[in-house]
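Go by the hints and put chain E onto chain S.
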Amino acid sequence: MTVTLPRPATLPRERVRRRLRPDQARSRVAAWIAVAVIGLFGMFPVYWLIVTAFTPDDRVFSFPPSLFPSRITLDHFADLAKNEQLFGYLVNSVIVSVITAVLSVVVSAYMAYAFSKFRYRGRKSLMHLVLASQMFPQALLLVTLYAVFSAVGLLGSYTAMILSFTTFTLPLCVWMLKGIFDTVPGSLMEAAAIDGASRWRTLHTIVLPLAAPGLVAAGLFAFVRAWNDFIFALTLSSPERQTLPPGLVHTYLGEFQTAWPDLMAASFVVSLPVIAAFMFLQRYLVGGLTAGAVKG
Amino acid sequence: MTTMNRRDALRLLGLSTFGVAALAACAPDATGGAATGDAAAKTFGFTSWSLNEAAQKAAVQAIVDAYAATNKVKIATASFPYNEYLNQVVLKLRGNQLTGAVQVDVAWLGALAAMGKLRDLGAQASAGGYTDVALSSGKFDGRQLGLPWTTGSIGLIANTELLTKAGVDGMPTTIDEFEAALGKVAKLGGGVVPYAAATKAAQLKDIFPWMQTFGSPLLSGDQVTIGDEPSVAAVEWYKKLYDAKLIAPDVDRFDARALFSQGKAAFYDDAIIARGVVASQSPDKALVQKMAPLSRPVLKAGDTPQALLWGHVIAVVEGEGADAAAEFARFATSDTATVADFFQKVQLPPTTTAGLADPKVAGDSFTTEWTEKITKTATANPFWRYAADAQIESAVAEQVQAVLVGNSSAKDALAKAAEAVEGLQK
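Respectively, the protein sequence lines represent chains S and E. Its first residue numbered 1, the first sequence is counted upward by one per residue in UniProt numbering. Its first residue numbered 1, the second sequence is counted upward by one per residue in UniProt numbering.
If we take Cβ atoms under 7 angstroms as the criterion, some of the chain S residues that face chain E in the derived model are:
id, residue
1, Ser150
2, Val249
3, His250
4, Leu253
Straight-line C-alpha distance at most 30 angstroms; calculated DSSO-like pairs for lysine-lysine:
id, chain 1, residue 1, chain 2, residue 2
5, E, Lys285, E, Lys373
6, E, Lys264, E, Lys245
7, E, Lys57, S, Lys82
8, E, Lys376, E, Lys264
9, E, Lys245, E, Lys187
10, S, Lys82, E, Lys345
11, E, Lys285, S, Lys82
12, E, Lys184, E, Lys240
13, E, Lys300, E, Lys184
Ranges between beta-carbon positions, derived for each pair:
id, chain 1, residue 1, chain 2, residue 2, range
14, S, Val152, E, Asp222, 42 to 48 angstroms
15, E, Ala415, S, Ile275, 49 to 55 angstroms
16, E, Ala69, S, Gly39, 54 to 60 angstroms
Simulated from the structure, these hints should not be mistaken for laboratory data. Every residue gets a Cβ at the ideal spot worked out from N, C-alpha and C, and that includes glycine.
The following block holds chain E by itself, in its conformation from the complex:
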């Protein structure tokens, strides 16, 4: 075997440093340069993760095909898996390999906006008839960088059958009522988790709406308020539920859905698409009829229920085909017949007043109830505006988890979380 002495080790270290420096020198710059190409071109790209998702791809492709045929344009489609989507889009934007329209999760808009390559779609937005809450999901720093394609929220869903069995009358509206309801459900036994709340670090960002419920704004201007009295009270309350086994350890969104679909959870947090997912996973074909959205319980009667805004927007990259791509984005998100048909196929609520009023949408009681009870007061996560939003959420989640497992007090943990978040605000 070849052995390595100290001189060899130093040589290796030197070469590694040189190599890293050389690689860094070869890497593209942060922005990838200015937009190029003919903005008036009739050929443009459309990048969307939905184009390859079994439940949605046919419906999305139909919109693309219909628009291309009617408007005599050529649309080159591309797709990446959802979990890798943001990284791939960022990389391709930096390498100037991506043009045209791009589907974007509302949580990612800030990260993409920071690259300075997205077109302001204010003109299309004002002609689209979008609802105010929907428009807000595509705004960044006062500019309309995305046209809302679907706007919903992450809210609470209940299994009404379990609540009835447990003797819970009506939906809880305050924290106290909610706790009492959880206590009654816990007495059912049989492995039922009263509230399948997120307790895994990967999903613990779900605690943000609870912190807001207790009165913390999370962010005031650029001042991080995590660690203030209300946020500490929220985490202590969460810990109380955890210790009382009213919420279960090691649960993320996928686990919560699995528990709920098996009739083993009375409440959990999810987006409006929960109905379709639960239906496909549950052996109880009638479970969908037993699902009911409810406003997040408030600290005291009269408070505004908190919910996290959720949805997709279509953004447009400046450069080749940007004009036609902007018109396509407007059509796909606001043409009433198109959005109503899309809703019928994939159950994602539209974003325009006319779309929501269409009989196909308005006739769906689950969607209208959801919109009225949850989406109406939903707000964006204030940290989305930072490019390091994902790291910010992780930093807070890790500290909350430390509280849940008893490694830290809520006050100390949130102080550490706030410090970490402040370091990530750029």
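Okay, chain S solo, but in the shape it has when bound:
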């Protein structure tokens, strides 16, 4: 039976706010200063990116540098809009990142469920084998994957990039989801079994919905990993399949010169989808990352 208690009447703000002792006030001020300093430290590069994107070319290297641009221009954004090649990089990034995220979540969900809920010989070794793959130097993996994809004719394809990105995202996704599945009570699954649900149905209708925040967190992690990758995307793709990070480097970083304002404008625009995704899915992300951290 559920009892609903009457909510206390809202008190005027002045009455709710308690007077802080001097030492409490000092700690609170110190905490706010610490947060402000850390925030400034974290956000300043973003601020500088935006300022540079709006600064005319002949002012970018002004010395001493100015925190606030004396003149601003939209030319770099206009140039960006005219660059069809960048749109192609963007489309490639979206395709590769979305498929990597979906593939990582699907595969890691089943793997994690098997590790969490089944007991079989070699389970722990397999789990550690998955984790061990995270410990290889990327350069070693790159050379090997290049040889393998070259041998099977996949070089320059989306498939090569998606498979390689998934290789890196799977271990963390599996361990993250295993932690979450561990927190799903066995009694819940036993109840489902008593009601006649198969293991397959139990997984899809009970366990996965409960683990939704974790699935979103794993998907976001995989998406961002694929979105940001530079060296694998550069090496395994063809010019037509190139994603944004190598595409931007290719377009704006040269032997003699770097088009900083254009690069910053492009970086700002291409980071918007990721920012939007994070804002939209933030509550799942926080819940998902911490869900498996503590066993109840």
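Relative to chain S, chain E alone:
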């Protein structure tokens, strides 16, 4: 949370070792095997970072298109960003994924030559009319592995307006005159850096020509001479400039260009393309007219001014389409009309006697002055012949930086640098 006990940790270590061994077994061998394909094929690749650089891509593509149309060949182009270019080319050569002509920075020729896949272009070189200094930039172990596309040098550039303001009469020709000029510029104040010399580790290889200026050969045969008396004297001199604030901390080539383009540096080191880069960055549209190349000051009058050779060559990979690619490389680098037109578009000096004499090139006083004062005596970095050249340069740069920040004496630091370099000579 799953916890890990000692047995788990050992298991993980064992699996990691097994995995690394398995990966290593799957990795391609160092050379990637012998060249394959029909060398006489009329289809070949052309790999070039310039094909995607805003300032050059149209000019390079025009050369490719013109040659393909005239000679009825098919050229498949590919490009990688300059900073990743060498790694990508090496990887693709190992995987036998790269054929045809390849643009190569002269500093990388040694690393690629070590793979044994480049064709000797001696026949094309002898028919091309190249200058001796240009030809030397494409030679490795006596073989002509690259045809010089552009040959220049890294040398000193001065802002003549700042020098005049500081009361410096004429360009300094000796180290003493140079120091005196820097001292006068320093008195200008206003945040002007007298000499925007490289002081960041990433660019401190710029100290090599100064070591040579003081008399160190850097390498004698296979014997590393870094750490000898002249090289120590050069680093001590550099440190003296640093302590006197005549050179500034934390400067690399990009910073130096930025300072120079803002009129905040009187001297800096750069390649001949500096003119175009500075022009695009400077709010002073007349700055280009105030730029003057100068020979690196010498220790005593009569010495040969030192400069680092710089440039691009086109190499050809043995295998599919190699014959046609070699002819394309010869055309792109030595056809007088083509190289003169290329110079007009991108300001990169040609490498043939006829190209340099073409009115389009000879009429450009900055280029002719640069060629005469700097490129004429430029020499290759002796460490380029080693595959680990980049690590060698880093090893020396780190030790020089330790001297600049006061963590080590020049003698000790260069002794350590020499030891590190000896370990990297392969």
